[in-house]
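> Single-letter residue listing:
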Amino acid sequence: MSNLVITKHLHEKDSQKLEQYLLHQGYKAAEKALTTMTGEQVVDEVKKSNLRGRGGAGFPTGMKWSFMPKDNKKPKYLVCNADEGEPGTFKDRLILTKNPHAMIEGMLIASHAIGSNVGYVYIRGEFHKEARVLQEAILEARKAGHLGKNIYGTNHHFDIFIYKGAGAYICGEETALLNSLEGKRGEPRLKPPFPAQVGAYGMPSCVNNVETFAAVPFILREGAPAFAAMGTEKSGGTRLFCVSGHVERPGVYELPLTISLRELIDHCGGVRGGRKLKAVIPGGASAPMLRADEIDVKMDFDSLAKAGTMAGSGGVIVMDETVCIVEAASVLLRFYEHESCGQCSQCREGSHWLARMFHRIENGSGTEQDLNFISEICGNMAGQTICAFADAVTGPALSSIRKFRAEFEAHVKQGCCPLKPKHTHVNHTVDKGTGRGASHA
Amino acid sequence: MPSSGPNTEISKTENGLNYCSTRGPAIQPQGPEAKPLPKITIDGSVIEFMPGDTIMQAAERANVAADIPRYCYHPGLPIAGTCRMCTVEVEKAPKLMTSCSTPAGDGMVVHTRSEKVMKSRTGVMEFLLTNHPLDCPVCDKAGECELQDYNYEYGPGTSRFVEEKRVFKEATTKNLSDKIVLNMNRCVHCERCVRFTDDVTKTNDLVMLNRGWKKELAATDEQRGLWNDYQGCLTDFCPVGALTWSDFRFEKRVWFLRKDTSICDRCSKGCNIEVHSEKEVVYRYLPLFNEKVNGHWICDEGRASHNSIMDPARVVAPMVRPEGGQKPMATSWETLVVDVKKHLKNSKKVLFLVGTDATNEEVQTIKSQASRLANQVELLAYNGTPGINSGKDNKPLDHLLRQSDKTPNTRGVENAGLKIWDGRDNHGADLVIYYRCGRAGAQVIQSIPIILWGVWNDQESKKYNNLVALIPGLATQEKDGSYTNCDGITQNFKMAVKHRGLGLSVNKVFELIS
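Residue numbers (my numbering), protein chains in the order written: chain A, 1 to 441; chain B, 1 to 514.
Rather than coming from a laboratory, the hints here were simulated on the basis of the structure.
Positions of the beta carbon are idealized from the N, C-alpha and C atoms, including for glycine.
Take the hints with a grain of salt, since some may be wrong.
[Unchecked claim] Some but not every residue of chain B turned toward chain A, in silico, with C-beta under 10 Å: (1) Thr82; (2) Cys83; (3) Val162; (4) Arg211.
Starting from the given sequences, assemble the full structure and let the hints guide the process.
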């Protein structure tokens with residue numbers, strides 16, 4: 001397949017090494033950008049490519065870069081968000097372990113575009129191996145002169161430093177990430193001011209996802225039109241889809257954004273064992289679920305938004321008919337209960353309430369009234385808080401009750417999960433010592 | 001000399017808040033090219049604001065901010081925008097906006113009580129109450145609790161929460177220091193306290209542990225506990241009963257308390273305070289907002305000083321040493337007057353010391369009347385704080401309020417023309433009269449007879465072997481007067497509580513003995 005942006009050479013041995021990366025025109029794009037183009041030209045090129053942020057929100061990358069102040073009075077920081085924590089998403093770790101130089105080159109180009117000399121990679125705390133591979137790659141690049149002072153003989157200086165997180169999901173939110181980077185509590189900041197004005201250490205900062213950076217070298221090398229042509233009208237390029245759950249061949253797939261969800265599942269070998277599909281979460285845990293009859297939808301940002309869900313981080317979770325939706329939602333909500341930063345009243349208390357309520361319903365002690373409360377509680381949470389976490393909580397909660405209400409009612413009526421014999425009472429307790437959830441069947 | 005009283009214009013009770021929320025009216029810009037002030041419409045009233053104000057701050061300028069409920073917002077603290085209680089509807093904005101953090105814009109139209117807003121507030125109240133223990137009957141904050149007040153106004157009335165409530169077992173009653181008790185179950189996580197220690201005292205001695213619904217307040221150093229000198233303020237702005245002042249716990253239901261304004265006499269800063277009393281018994285001091293003097297805060301030393309008025313060891317009856325007696329004995333005013341007059345008559349020269357805690361009015365009275373007491377009277381002031389020999393020696397002890405001069409009126413006494421006594425030279429006197437209000441030092445003069453006057457306690461008076469008489473007087477909160485603080489600001493104050501002993505004012509005593 002010639003039209004792959006990121007994963008084209010990943011099957012090769014030692015693809016994470018610089019020498020291997022250089023075999024496929026590695027760092028040529030950066031050299032071209034630094035030596036022949038101005039910062040504005042790079043931004044224009046990225047704008048023309050219709051590249052949209054791959055972290056979850058899908059904000060146009062070129063536009064984000066153009067928001068950075070043009071004057072050079074304050075230092076500017078480039079931050080790479082490698083805090084990949086969305087359940088069902090595992091694309092960034094693939095890039096970090098197999099193709100870290102694409103990301104480094106992308107950051108180098110971005111640093112030239114926005115006029116930054118320092119880049120931070122905020123990497124998820126649990127990514128020990130990934131951080132090690134990335135550190136080696138940075139050292140290689142530094143040694144070969146792709147990072148450092150006067151890169152390619154220009155007067156551009158740039159270096160990258162790794163900062164390891166402490167394992168909080170919320171630190172994937174860009175302002176919480178910046179707080180954590182500064183050594184503060186990882187809690188999202190009030191906006192405005194946006195990071196482009198007041199970011200890391202109070203300086204203008206630009207935060208992008210690993211996959212976004214990794215796509216940039218291709219745009220500069222092959223040209224914006226080539227990249228834009230791979231996607232839809234408003235969203236260019238390919239995307240890494242992390243398919244997990246009940247398909248024959250789960251994994252990371254790089255596919256154009258024009259693919260539909262049904263095609264994607266078929267591409268992964270279809271639902272495992274020929275079973276019937278029940279539900280799909282198309283963009284990481286925060287994205288509302290889709291029913292089996294709703295999967296004829298294109299996987300780009302706008303089509304999924306129109307279908308009432310979101311493209312999010314590209315984590316596609318496929319659930320077949322053996323899955324109890326109430327349990328699935330309950331597990332997700334327990335995750336959110338654990339990961340809410342606890343700043344805003346609605347999110348802190350609401351995520352806890354919903355998690356407890358779903359757990360109760362799953363175990364058969366729910367009431368008809370509970371089912372009506374769920375949407376009211378979600379209504380009081382969504383859109384009322386500092387960051388989008390509260391909206392993310394309502395994603396699985398609302399979509400499951402709206403689309404699979406019959407299953408909830410069956411739990412209430414039968415006093416247990418209809419898919420499981422009564423004696424296998426699922427007890428999701430929270431371990432008092434570690435604070436981690438533990439499932440005992 | 002600027003002169004003002006304690007900030008009585010905006011009382012907390014009128015505002016409906018537990019703290020003063022006041023920002024002066026917007027200042028009209030001066031100069032030929034000055035642009036007119038921007039205007040915002042809040043619930044139909046047009047308000048001028050200063051550029052850079054948030055909606056809440058603009059509302060404060062017109063004194064309508066008390067209508068907007070809030071937990072995390074406090075005018076003296078940095079803005080957090082996390083409680084989501086102060087949301088208002090801004091025309092043309094897609095979502096509800098937090099009034100504490102949204103910058104006010106020229107021509108903005110804000111509705112603080114629209115249907116959408118009220119629904120959102122009810123939602124927040126319901127969430128906050130889900131895990132709250134609702135132990136108002138045993139909570140000291142009941143009656144002045146923002147959760148309680150706002151629940152009456154915005155709460156859902158009933159609860160739909162049937163799950164088990166969150167309980168912090170260890171932090172249900174936990175001493176954060178010897179002054180502050182934490183009940184984490186009541187906490188609504190507004191984090192005013194954390195921001196206070198971060199940004200006001202800059203001691204960083206409070207932190208939130210964990211995250212989400214398990215977020216728990218704790219001292220940064222568990223062994224050391226809190227170490228800032230303004231811990232009492234935590235209990236003032238804690239909207240619920242999570243942080244309580246250990247001296248006030250289970251002492252009094254707040255609705256019985258009468259609130260009077262006064263001045264704290266613990267140091268030369270002259271912080272404005274609210275004296276809370278019932279039946280002339282003082283239960284606590286709270287800070288009273290005064291931008292020029294103390295802002296929103298008072299220190300712990302000042303706050304704890306309400307105990308000194310009620311001190312059981314305080315001498316509140318006249319005392320004289322009987323002829324040939326070993327110890328001074330309590331007596332009647334008649335005996336005291338006869339005795340004191342006799343001593344004054346027999347004296348050739350009297351050294352009259354005035355503590356630098358006497359009010360300006362008392363100093364004037366003493367100045368004009370003292371010469372009539374005896375043949376020769378030398379009038380001097382006395383401070384008694386180590387290292388303070390004049391008002392100029394006063395140094396701030398921190399970047400906030402505390403001062404090294406522990407008497408309230410050194411500047412005022414000096415302005416009246418009195419020199420400060422060095423504590424050694426007797427100036428050839430054969431009798432000393434020392435008037436003070438409980439704050440100036442208790443200098444022991446052994447060689448000549450001494451008459452103590454004012455506010456004294458038992459232990460102090462016992463140090464004087466040559467004490468011949470003790471004339472009880474009134475403490476700061478028991479009289480009218482004025483103090484001039486270390487910055488030269490003169491503040492008038494009125495009697496907050498009636499004296500409960502036999503003490504008399506300086507004027508009365510002069511009438512009796514001269």
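> Each hint should be assessed against the structure and marked as holding or not.
Here is what the structure says about each hint:
1. Thr82: Since the shortest Cβ distance to chain A is 4 Å, the answer is holds.
2. Cys83: Interface hint status for Cys83/B: holds (5 Å vs cutoff 10 Å).
3. Val162: holds, 8 Å
4. Arg211: holds, 5 Å
Of the numbered hints given earlier, the model fails none.
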